[in-house]
Amino acid sequence: MTAEGFLEGRRLQMARGVLLQCIMGGYPAATFYGSDDGDLALVADPAQVHRLPWSDEARALAICDANELDGASSGLSTRGQLKAVIARYAALGLAPVVATELEFFVFAPNGDPGQPFQPPLGTDGRRELGHSAFSVSSNNGLRPFFNEVYRCMAALGLPRDTFMHEMGVSQFEINLLHGDPLLLADQTFLFKHLLKEVALKHGLTVVCMAKPLAKTPGSSMHIHQSLVEIGSGRNVFSDAAGQPTETFHHFIGGLQACMADFTALFAPNVNSYQRLCHPYASPNNACWSQDNRAAGLRIPASSPLARRVENRLPGADANPYLAIAASLGAGLHGIEQQLQPTPAIQGEFEVPEHLSLPCTLHAALERLKRSTLARELFGKEFIEGYVATKTLELSDFFDEITPWERRVLAAQA
1 MTAEGFLEGR
11 RLQMARGVLL
21 QCIMGGYPAA
31 TFYGSDDGDL
41 ALVADPAQVH
51 RLPWSDEARA
61 LAICDANELD
71 GASSGLSTRG
81 QLKAVIARYA
91 ALGLAPVVAT
101 ELEFFVFAPN
111 GDPGQPFQPP
121 LGTDGRRELG
131 HSAFSVSSNN
141 GLRPFFNEVY
151 RCMAALGLPR
161 DTFMHEMGVS
171 QFEINLLHGD
181 PLLLADQTFL
191 FKHLLKEVAL
201 KHGLTVVCMA
211 KPLAKTPGSS
221 MHIHQSLVEI
231 GSGRNVFSDA
241 AGQPTETFHH
251 FIGGLQACMA
261 DFTALFAPNV
271 NSYQRLCHPY
281 ASPNNACWSQ
291 DNRAAGLRIP
301 ASSPLARRVE
311 NRLPGADANP
321 YLAIAASLGA
331 GLHGIEQQLQ
341 PTPAIQGEFE
351 VPEHLSLPCT
361 LHAALERLKR
371 STLARELFGK
381 EFIEGYVATK
391 TLELSDFFDE
401 ITPWERRVLA
411 AQA
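Each residue of the sequence shown is one higher than the one before, starting from 1 at the first, in the numbering used here.
Heads up, a few of these hints could be off.
Pairs of lysine-lysine residues, derived as DSS-like cross-links and limited to a Cα-Cα distance of at most 27 Å, are as follows [said to hold, decoys possible]: (1) K83 - K369; (2) K380 - K369; (3) K192 - K215; (4) K83 - K215; (5) K380 - K83; (6) K196 - K215.
In case anyone wonders, no lab produced these hints; they're calculated from the structure.
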């Protein structure tokens, strides 16, 4: 909308069905979002109105809540779902603290989706081959791109913690500073948007698919979580002697109880399971461990003040609002029900059957569809609508025949 209309407080409305739009552009049946397909009101968060620093012309982006016309948060809004989980913690006198680690690839433009992605040409005229994990080298020619990314992050108030070249070919990771879950979800959303926009200016393509390259590590969005007491700021995962508390163990127990049911919320696309089922430190299990990257729930080495649980299941393609809401909601379920986790695992291990997670989108959707826990946390309307949308996307994928099928099966079947 125009700047004048926004500053006048003019209400912006949008059809409810847009919140269930498929990634291909279609919609499930109107029964999932109200047969009338009435409007929602988009209400800008005053703290999340940003002038876009990469734009040559004056443009701004406002992150909004999607509310019903009576003012209530829409049950289809993932930002609203996260706010509801935070409110449930506040009722217990607790405030979650989270941080996200987002991995992404920087590629040359890819005009033909039938061809694999390629890294951009470096300053030496060659493309990276995958030998640069954690390297300080800058011969990939991306220094101007990252300099603008850093400048734009500063302009948007996105504090970065660490930055590194990851294990994949032209793959990178930026960690955002820990803080309020809603703020971190907003920042993660803004950061992904920033990356793609700045990349286009530099003749590059940023890809946040979970697994854009075969035989290469995928991209995750690990979520670090702790809980503090409102008022004192004390981390309730550690006691006065610096030892893990029952609340800490209940939180892990809740995640273990819910992760299989919630896998489709953490891994929302067909491609998500390429990352999980060909794991390079991308575990598709609900085991927990002290500082073991093969476990889906890792407890990083830290001081008692910083004791936290890292959920390693979500990919870079996950909706940050929904993934954080699902992870915190699972922990809350464990606290409310006083669930105990399984014993921690260390070293090499085999995943027990009851801690293994769905390995395809179809299996994950079937599990989510039957989940009482998911309905209790997110509501019947959201879960049924989400499953309907993702089922349409899965059906669209099965309308395509892949190059592997033509290459291998045509000569053999």
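Status of the hints after comparison with the structure:
Restraint check for K83 and K369: satisfied, since their Cα atoms lie roughly 23 Å apart, inside the 27 Å limit. The straight-line distance between the Cα atoms of K380 and K369 is roughly 10 Å, inside the 27 Å bound, and the hint therefore holds. Of the pairs offered as hints, the one joining K192 and K215 holds, with about 24 Å between alpha carbons and a cut-off of 27 Å not exceeded. As the CA atoms of K83 and K215 are separated by approximately 38 Å, the hinted pair breaks the 27 Å bound.
Between K380 and K83, the direct Cα distance comes to roughly 17 Å. Compliance with the 27 Å bound is thereby established for this hinted pair. Between K196 and K215, the direct Cα distance comes to roughly 24 Å. Compliance with the 27 Å bound is thereby established for this hinted pair.
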